[in-house]
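For chain W, the structure is supplied; the task is to place chain D on it using the hints.
2 protein chains.
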Amino acid sequence: MVGAGQLARMTQQSAIALGIELRVLANTPDESAARVIVDTRLGDYRDLSDLRDFAKGCDAITFDHEHVPTEHIRALTAGGVQVHPGADALVHAQDKAVMRERLTAIGAPCPAWARVPDVERAVAFAAEHGWPMVLKAVRGGYDGRGVWICRTEAEVAEAFDAGIPLMAEAFVPFERELAVLVARSPHDQGVSYPVVETVQQDGICVEVLAPAPGLDPEEAAQAQRLALNIAHELGVTGLLAVEMFQTAGGLLVNELAMRPHNSGHWTIEGALTSQFEQHLRAVLDLPLGSPTMTAPVVVMVNLLGGDDPDVFKRYEHVMAHDPGVKVHFYGKQVRPGRKIGHVTAVGDDLDEVRARARHAAVHLTTGEYV
Amino acid sequence: MVGAGQLARMTQQSAIALGIELRVLANTPDESAARVIVDTRLGDYRDLSDLRDFAKGCDAITFDHEHVPTEHIRALTAGGVQVHPGADALVHAQDKAVMRERLTAIGAPCPAWARVPDVERAVAFAAEHGWPMVLKAVRGGYDGRGVWICRTEAEVAEAFDAGIPLMAEAFVPFERELAVLVARSPHDQGVSYPVVETVQQDGICVEVLAPAPGLDPEEAAQAQRLALNIAHELGVTGLLAVEMFQTAGGLLVNELAMRPHNSGHWTIEGALTSQFEQHLRAVLDLPLGSPTMTAPVVVMVNLLGGDDPDVFKRYEHVMAHDPGVKVHFYGKQVRPGRKIGHVTAVGDDLDEVRARARHAAVHLTTGEYV
Numbered sequence: 001m002v003g004a005g006q007l008a009r010m011t012q013q014s015a016i017a018l019g020i021e022l023r024v025l026a027n028t029p030d031e032s033a034a035r036v037i038v039d040t041r042l043g044d045y046r047d048l049s050d051l052r053d054f055a056k057g058c059d060a061i062t063f064d065h066e067h068v069p070t071e072h073i074r075a076l077t078a079g080g081v082q083v084h085p086g087a088d089a090l091v092h093a094q095d096k097a098v099m100r101e102r103l104t105a106i107g108a109p110c111p112a113w114a115r116v117p118d119v120e121r122a123v124a125f126a127a128e129h130g131w132p133m134v135l136k137a138v139r140g141g142y143d144g145r146g147v148w149i150c151r152t153e154a155e156v157a158e159a160f161d162a163g164i165p166l167m168a169e170a171f172v173p174f175e176r177e178l179a180v181l182v183a184r185s186p187h188d189q190g191v192s193y194p195v196v197e198t199v200q201q202d203g204i205c206v207e208v209l210a211p212a213p214g215l216d217p218e219e220a221a222q223a224q225r226l227a228l229n230i231a232h233e234l235g236v237t238g239l240l241a242v243e244m245f246q247t248a249g250g251l252l253v254n255e256l257a258m259r260p261h262n263s264g265h266w267t268i269e270g271a272l273t274s275q276f277e278q279h280l281r282a283v284l285d286l287p288l289g290s291p292t293m294t295a296p297v298v299v300m301v302n303l304l305g306g307d308d309p310d311v312f313k314r315y316e317h318v319m320a321h322d323p324g325v326k327v328h329f330y331g332k333q334v335r336p337g338r339k340i341g342h343v344t345a346v347g348d349d350l351d352e353v354r355a356r357a358r359h360a361a362v363h364l365t366t367g368e369y370v
Numbered sequence: 001m002v003g004a005g006q007l008a009r010m011t012q013q014s015a016i017a018l019g020i021e022l023r024v025l026a027n028t029p030d031e032s033a034a035r036v037i038v039d040t041r042l043g044d045y046r047d048l049s050d051l052r053d054f055a056k057g058c059d060a061i062t063f064d065h066e067h068v069p070t071e072h073i074r075a076l077t078a079g080g081v082q083v084h085p086g087a088d089a090l091v092h093a094q095d096k097a098v099m100r101e102r103l104t105a106i107g108a109p110c111p112a113w114a115r116v117p118d119v120e121r122a123v124a125f126a127a128e129h130g131w132p133m134v135l136k137a138v139r140g141g142y143d144g145r146g147v148w149i150c151r152t153e154a155e156v157a158e159a160f161d162a163g164i165p166l167m168a169e170a171f172v173p174f175e176r177e178l179a180v181l182v183a184r185s186p187h188d189q190g191v192s193y194p195v196v197e198t199v200q201q202d203g204i205c206v207e208v209l210a211p212a213p214g215l216d217p218e219e220a221a222q223a224q225r226l227a228l229n230i231a232h233e234l235g236v237t238g239l240l241a242v243e244m245f246q247t248a249g250g251l252l253v254n255e256l257a258m259r260p261h262n263s264g265h266w267t268i269e270g271a272l273t274s275q276f277e278q279h280l281r282a283v284l285d286l287p288l289g290s291p292t293m294t295a296p297v298v299v300m301v302n303l304l305g306g307d308d309p310d311v312f313k314r315y316e317h318v319m320a321h322d323p324g325v326k327v328h329f330y331g332k333q334v335r336p337g338r339k340i341g342h343v344t345a346v347g348d349d350l351d352e353v354r355a356r357a358r359h360a361a362v363h364l365t366t367g368e369y370v
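Chains W and D are the protein sequences, given in the same order.
Using full-length UniProt numbering, you'd call the opening residue of the first sequence number 1 and step up by one each time.
Using full-length UniProt numbering, you'd call the opening residue of the second sequence number 1 and step up by one each time.
Just chain W, same shape as in the assembly (with noise of 0.2 Å):
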């Protein structure tokens, strides 16, 4: 696995049950990952020569991010080294463009979009759709960085100002946003995790209810057949999870990832097979686990450190006020905003488990109660 934060260290706890060794490629020896991780290599995944030299002696290799440049997962792949998902399935991961040319094309719902080069046509796609307007970078955003929403021309010529290629999407009166996080494996098996509601904040996911709270099932099931055929025709293996919008008019596309995801933390104690294992079943092109819910609700909620680093004592109220809460720490110093962690809740009733999630997140990050 290229990168080694949070997901790769997830996936290892999925990976030590398999008896799978996992490689992690990582940047620094105290990361997130590295630190669990017994071969963990030192490199820049953006340097092909330490690629190559990681991928030596690997059965496949895949992401805990998505930031390799396609030219080099070409080369490993020309090499004969198994890449999953490979480059041309993981550019709709990277470039927003190209993913909203691709996702039209093969008739997936999508906010009206545009490539915008300049002030003027970004101005003249808010004349079309109506402000305000939102303008994205096209590659490399992420939790929220990278998405500029404008309400006047001048907010657009600030957004330009960044120097890099943006493009325009209609700004999206959205119900609420739901997540589907499917699996396909090379050899075209596909499975479905049930459609989860994601709630962000400042362009972060905090929290996830699964299942979607008062989903319709036909428009569930229509979430999940939208996603597999995403996994199918963009040729993804490994994990895919299709952020949406929830609208009165129906089911929008938001964005890609092609690795485990945010909105797929609650599956480790709430699904048979967490998303880890599932990657990993999917990249080696094992079967696929089954994505059945252990629980009817599972209620997951980020922890984002506070200005306290030190944790320890809210992390003892936490497990002696509910001892069925399950604590998940990434193994990364605190710092104000930034993922640390996060926390997840089963049980049978929304309201109930909800709350309980989030006074543990609340009082770990905090120190205060709700």
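Don't take each hint at face value.
Since the list can't tell identical chains apart, any single copy or any two copies may satisfy a pair.
Calculated lysine-lysine pairs in the BS3-like style (CA-CA distance at most 25 Å, straight line) [claimed, not checked]:
#1 LYS56 <-> LYS339
#2 LYS313 <-> LYS339
#3 LYS332 <-> LYS313
#4 LYS56 <-> LYS332
These are calculated hints, taken from the structure and not from any lab test.
Note that the structure is a prediction, hence the values are computed from the model and not measured.
Okay, now just chain D, sitting in the frame of chain W:
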């Protein structure tokens, strides 16, 4: 954790989630846990200076086996190291005669027993309690080794030929074997998992059924109280597994283990808190986790190595045949009879869940279909 077998390996999965940095003391770098734990130290657990070096910088020391000499544990404790379980408790898991004396003193029901220094006194014991009689090595037995069921004086004499201290126990015509896993923390919080049935073959645990099918709730509660009381009276910190015989006349204590135990592997998927997480919480004096089951029925079957070391095709079959069964491999070379992993199935119906777990285990180890 002193020792780097599969128990330490599975403890690492929980340590990763909890953000606990687990260090192990291994004999060799290719042991089961050493393969998945970055902070692996090599050394001899029988050597006090190795243990002292190992303990430097650790918040607490615990064990993957019960073979560390108690005098070394006392020396570590005298030097200010937190060791759980402590020497005064652990001796009861090391020395079966000390265990029987103490259990008898606290009124815990045991088979009739006696120290038997020679053949003559062993035969006198059999004359009083009947044939067959059970001889056990006072120290060092496990998985059926160090146990002799003797039907004649000649067989008694043969057992004594080993030249090790033995004790005698009355042969118990039990209905089945049960096990109760409890945790106790230094501040005396205790928790009990549901009582399970263990199925043994040739002295090796092969199958665990959780909860023990058809067990009378009053007898189950009695078994849990008995195990919690033993943990309290013996001052156990960490996990305690109490193996019991269910007989027409009630429960009798068979063996004690003070560490994660084969009879608790089902808790990884089958309980809100796995035994490995629970052991970490207990030895670090953190609040204990909920032992509540995640499903009505859980069955664990051990994988004992067969003749064919290449399990890969069988591994693929098992995953394809049953996407919900969970496979655990310990990263060990396959050798006939060696515990190389286990499988777990969860569900609602005992017969169905047991059949699924058995299918997976039998196929993985023999290639046969059952």
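Do the hints match the structure? See the list:
Proximity of LYS56 to LYS339 under the C-alpha cut-off of 25 Å is found in neither arrangement, the shortest distances being 32 Å within a copy and 31 Å between copies. Within a single copy, LYS313 and LYS339 get their C-alpha atoms as close as 19 Å, which meets the 25 Å cut-off; across copies the closest is 39 Å, which misses it. For a Cα distance limit of 25 Å, the shortest separation of LYS332 from LYS313 inside one copy, 17 Å, qualifies, whereas the shortest one across copies, 39 Å, does not. For the identical chains of this complex, LYS56 and LYS332 are inter-copy neighbours only, at 23 Å across copies versus 29 Å inside a copy, given an alpha-carbon limit of 25 Å.
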